[in-house]
Amino acid sequence: MDRLDRLENESIYVIREAVQRHPRAAVLWSMGKDSTTLLWLCRKAFLGRVPFPVIHIDTSFKIPAMYEFRDRLTAEWVLNLTVRRNERALAAGMNPATHPTITCCHALKTTALKLAVDELGLNAVLLGIRRDEHGIRAKERYFSPRASDFLWHAGEQPPELWDLYASAEAADHQRIHPLLHFTEIDVWRYIGREGIPVNPLYFSQGGTRFRSIGCQPCCIPVTSTAASVEGIIAELETSTTAERAGRAQDKESSYTMQKLRSLGYM
Amino acid sequence: MPTPLTSLRIVFTGHKDHGKSTLIGFIRHGLRPGGDGPGEACAGMVYADVVDHLREERAGGLTLETAQTFVEAGARQYALIDVPGHRELIRNMLTGATQADAAVLVIAADEGLRFQTRRHVLLLSLLGFKSALVVINKMDLAGFSQARFDSLRAGAEKLLCANGIVPVATVPVSAAAGDNVLERSTRMPWYAAPPLFARITELALPVPPDSCGVRFPVQAVYRFDGETVVAGRLLTGKLGNGQTLTVYPGRQEVSVTGICRFPPDGRPAVAGESIGLTVDGSLPERGDVLACGSAPLHVTRRCRGRIVWLAEAPAAAGDKAVLRCATRVNEVVIREVEERFDSLRLRRIRDTGRLAQLDVGTVNLESRGRMVLEPFALTPGLGRFVLEQSGVCVAAGTVL
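Protein chains in written order, with my numbering: chain A, 1 to 266; chain B, 1 to 400.
The set of hints was computed from the structure by calculation and includes no laboratory data.
Computed from a predicted structure; not experimentally measured.
We put the beta carbon where it would ideally sit given N, CA and C, even for glycine.
All the pointers check out, no bait thrown in.
Lysine-lysine pairs mimicking DSSO-like chemistry, simulated, CA-CA at most 30 Å apart:
no., chain 1, residue 1, chain 2, residue 2
1, A, Lys44, A, Lys114
2, A, Lys259, B, Lys16
3, A, Lys114, A, Lys259
4, B, Lys238, A, Lys44
5, B, Lys130, B, Lys158
Every beta carbon over 12 Å from chain A, so not counted as near; a handful from chain B, in silico:
no., residue
6, Leu113
7, Arg118
8, Ser151
9, Arg153
10, Cys161
11, Ala162
12, Ala169
13, Gln252
14, Ser294
15, Thr300
16, Asn364
All chains should be modelled from the sequences, with the hints used to inform the complete structure.
And the structure:
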């Protein structure tokens, strides 16, 4: 079995284990390459279908091409899509232009997710985060139990031994991270091998492309001529800049991601 | 650069402050600068920051939580797994070590073998590691002395061998300055063997055990569009259409009528694959194990296991727990604590009756229902287990 097969089969195992042990599960989809790969792996795990809700936490500030991509794939893959927004915060004027990134991310993403978990009565949420993406995410578990306050206490997580993921009966819900062992370049190699559709924003147009996509005001494209999956892989093989270098969120302070994640950010 | 065809996950173990994080940080930074690390290379860079990303870790100069970072070299990708070296954080060390294919033991030349060095070696042995690479770090603090290196190497080799672990090589390094990490150092001319990373690239890849035929723990049964699919991961052996399998513990027979994947491709399945099966015969359920081959599976109500006890309250005969092995769950009682290992003096103590927090020992477990197990040495996936009390993990263990 080659390496991408190993990664794929481990992810499928985690997804099946999560859904078997937590029947009220849902998957978060941000329309980026990672969570789209996660949806593809869910379809593999359940032989061509995603038999649970697919949640888009919509800040309403996403790049327009992301909404187009969402609607196209939802129809093509017959997804049970649920769009959730923190309407109250939006009505009160929350937006990335007037508020610090950390405040805005927390209100429009974490709080919106909290509302969705409550309203849908979820006991597991699948997310496409990867260890290689950020030093704080490098410390995550596959199964990460959360109380209803959503807090994540890095350093005080329960042990996760082999593939015998923690039961955590006392938890409000579990965050499940089936892509934890993929690196950025692995994701692109896997996308290339499997032919997974990805948003055109990732490919170079006029000398720039997005390496990480999210809210329009907070994502800056990088200089690149990579116009295909193969081109991106070749570029990443020699890149020395961080994947999330174009994200405003990580620039405010070295510990912004830790703060966001300890408050329950995805 | 070609796509690496294989991967190797390596855990760096050892006592606190012996330089595990710094070593990983130096390797990662040397082979793949930037990325998710602390940023651009600069004078006075703290290599440990590559893996120590929590504010508390950087402020305290220690690792609290296990982390992984990745490098590629040749046809392989390496996941470098950092773990804390503090006694209080053994659960995080176990979390990192149970994800690893191979182990490195880091010993600081100034401090030598310390208590957690010994405990980590005992735990590596419990977790089934058969070999380890030894690093004598901080050689700068020992004046790059060959005599100091030789004496520590002898001590490390003795400790590993006493725990059934083969020391594959011992390398003298200074991680903070990179001596003998990626390249040979000029400061230890007496050391003529390859540097650490060259030794890492020589480590053997994990091979799935293949001696005992098919082992397929059932993870779930799906009913989609009128079709019933038995989902699970094939631990060992090969599976194809028409094969007859025994369902344990009931011992009824089923025959495989299809291997299901998405998109469908009809290929037979190999060890490590998460697949679905359609079968003829009575339907298995989660927790059953489908098997065939020369050796039958153990269906038993009693088992002997080696465990590390993690709960604060000690373990004693009569204690109840839930045993989880592969996808099967059994309620068990600890019938006897047979022996306890003294990791400091490498002794076995009999008739102790109990295991305190972090003790390693041998226990006899009894279950009301039937357990489906195999010795860890034969089929790791059916020989490793956790014990839980009220949904909280209290022990990790292997079947003897």
